[in-house]
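Engineer: The task is simple: from the sequences and hints, build the whole structure.
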Amino acid sequence: MKIITYNIHKGMDAHNKDTLNGLLSFLKNINADVICLQEVLESIHYKILNDLNIKGYFFKTVELKGDNYGIAIYFIKCVKYTDGFYLSSKKEQRGFIHTQFFINSKLVNIINTHLGLNEEERQIQIDEIYNYVENLRGKIIICGDFNQKDVEIKDYYDLAVLFDCENIETFQPSKSRIDYIFMSKNLRPSRYKVKCIDLSDHYPVIGEFII
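In our numbering, each residue's number is its place in the sequence shown (first place is 1) plus 37.
Possibly wrong hints are sitting among the right ones.
[Claimed, not checked] Straight-line Cα separation of at most 20 angstroms, EDC-like style, residue types lysine to aspartate or glutamate; simulated pairs:
id: 1; residue 1: K222; residue 2: E171
id: 2; residue 1: K65; residue 2: E245
id: 3; residue 1: K127; residue 2: E100
[As the list claims (entries may be wrong)] The following label-pair restraints were derived from C-beta to C-beta distances:
id: 4; residue 1: F139; residue 2: G103; range: 34 to 44 angstroms
id: 5; residue 1: D192; residue 2: S213; range: 21 to 31 angstroms
id: 6; residue 1: R228; residue 2: L144; range: 13 to 23 angstroms
id: 7; residue 1: N223; residue 2: D120; range: 14 to 24 angstroms
id: 8; residue 1: K117; residue 2: K222; range: 19 to 29 angstroms
id: 9; residue 1: K102; residue 2: S227; range: 36 to 46 angstroms
id: 10; residue 1: K92; residue 2: Y123; range: 20 to 30 angstroms
id: 11; residue 1: Y118; residue 2: Y83; range: 15 to 25 angstroms
id: 12; residue 1: N155; residue 2: N90; range: 35 to 45 angstroms
id: 13; residue 1: I247; residue 2: K102; range: 44 to 54 angstroms
id: 14; residue 1: K114; residue 2: N204; range: 14 to 24 angstroms
id: 15; residue 1: I205; residue 2: G59; range: 31 to 41 angstroms
id: 16; residue 1: S227; residue 2: F139; range: 12 to 22 angstroms
id: 17; residue 1: C115; residue 2: R228; range: 35 to 45 angstroms
No wet-lab data here; the hints were simulated from the structure. Bear in mind that the values here come from a model prediction, so they are computed numbers and not experimental data. Every residue gets a Cβ at the ideal spot worked out from N, C-alpha and C, and that includes glycine.
Structural biologist: What follows is the structure, given as structure tokens:
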């Protein structure tokens with residue numbers, strides 16, 4: 038199973054230049070089973086659905102003039118369940134999406150999130166996600182833009198650390214790693230990669246698992 042997490046910066050690069058066509062092409066060719074995106078406009082969400090001919094779910098966290106903004110997940114499998122949840126937030130509303138499906142008769146849970154800009158706020162949000170996933174069965178992946186370096190989640194492995202890639206940046210402006218893929222201990226990882234492409238101010242993070 039291949040999963041990608043990517044903050045797409047509303048379809049713009051680090052210099053706010055439109056990169057939507059390049060982004061759509063990249064997502065088409067990456068051949069991921071699950072695509073988790075952050076900083077998504079709802080209008081872009083529908084373009085992704087149409088261009089990739091894929092199923093997906095958009096969760097609005099902020100209402101903008103003429104559009105909505107939030108996080109989204111896309112999948113090629115038939116899902117058992119998907120829904121969005123708000124996290125405690127100080128300023129801009131944050132949230133996560135939970136998607137559940139079967140691969141080779143194994144239950145897999147994906148959590149896609151985009152955390153806040155305040156350190157105290159982020160810790161509360163991580164705790165809320167942790168408390169939520171404690172009640173889940175099966176295999177669990179927690180991924181997204183955590184807006185923080187050196188994040189740890191109790192009982193979960195950081196995929197980058199497992200592959201000695203913890204020093205590879207995912208966010209161009211600060212040259213730091215703030216995008217993560219965490220996995221439960223009952224998963225078998227096979228690959229981790231950061232793709233250095235200039236379609237956003239973040240780089241996409243790719244994880245692969247044998248299920």
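Engineer: Hint by hint, note whether the structure agrees.
Structural biologist: Taking the hints in turn, this is what the structure says about them:
1. K222 - E171: It holds: about 13 angstroms lies between the C-alpha atoms, which stays within 20 angstroms.
2. K65 - E245: holds, 17 angstroms
3. K127 - E100: holds, 16 angstroms
4. F139 - G103: 34 to 44 angstroms: holds, 38 angstroms
5. D192 - S213: 21 to 31 angstroms: Check passed, 24 angstroms falls within 21 to 31 angstroms.
6. R228 - L144: 13 to 23 angstroms: Holds, since R228 and L144 (Cβ atoms, about 22 angstroms apart) stay within the stated range.
7. N223 - D120: 14 to 24 angstroms: holds, 23 angstroms
8. K117 - K222: 19 to 29 angstroms: holds, 22 angstroms
9. K102 - S227: 36 to 46 angstroms: holds, 44 angstroms
10. K92 - Y123: 20 to 30 angstroms: holds, 23 angstroms
11. Y118 - Y83: 15 to 25 angstroms: At 22 angstroms between Cβs, range holds.
12. N155 - N90: 35 to 45 angstroms: holds, 39 angstroms
13. I247 - K102: 44 to 54 angstroms: With Cβ atoms ~46 angstroms apart, the hint holds.
14. K114 - N204: 14 to 24 angstroms: violated, 33 angstroms
15. I205 - G59: 31 to 41 angstroms: violated, 21 angstroms
16. S227 - F139: 12 to 22 angstroms: Taking Cβ atoms as reference, S227 and F139 lie about 19 angstroms apart, which means the hint holds.
17. C115 - R228: 35 to 45 angstroms: At roughly 25 angstroms between Cβ atoms, R228 and C115 fall outside 35 to 45 angstroms, so the hint is violated.
The structure shown violates the earlier hints numbered 14, 15 and 17.
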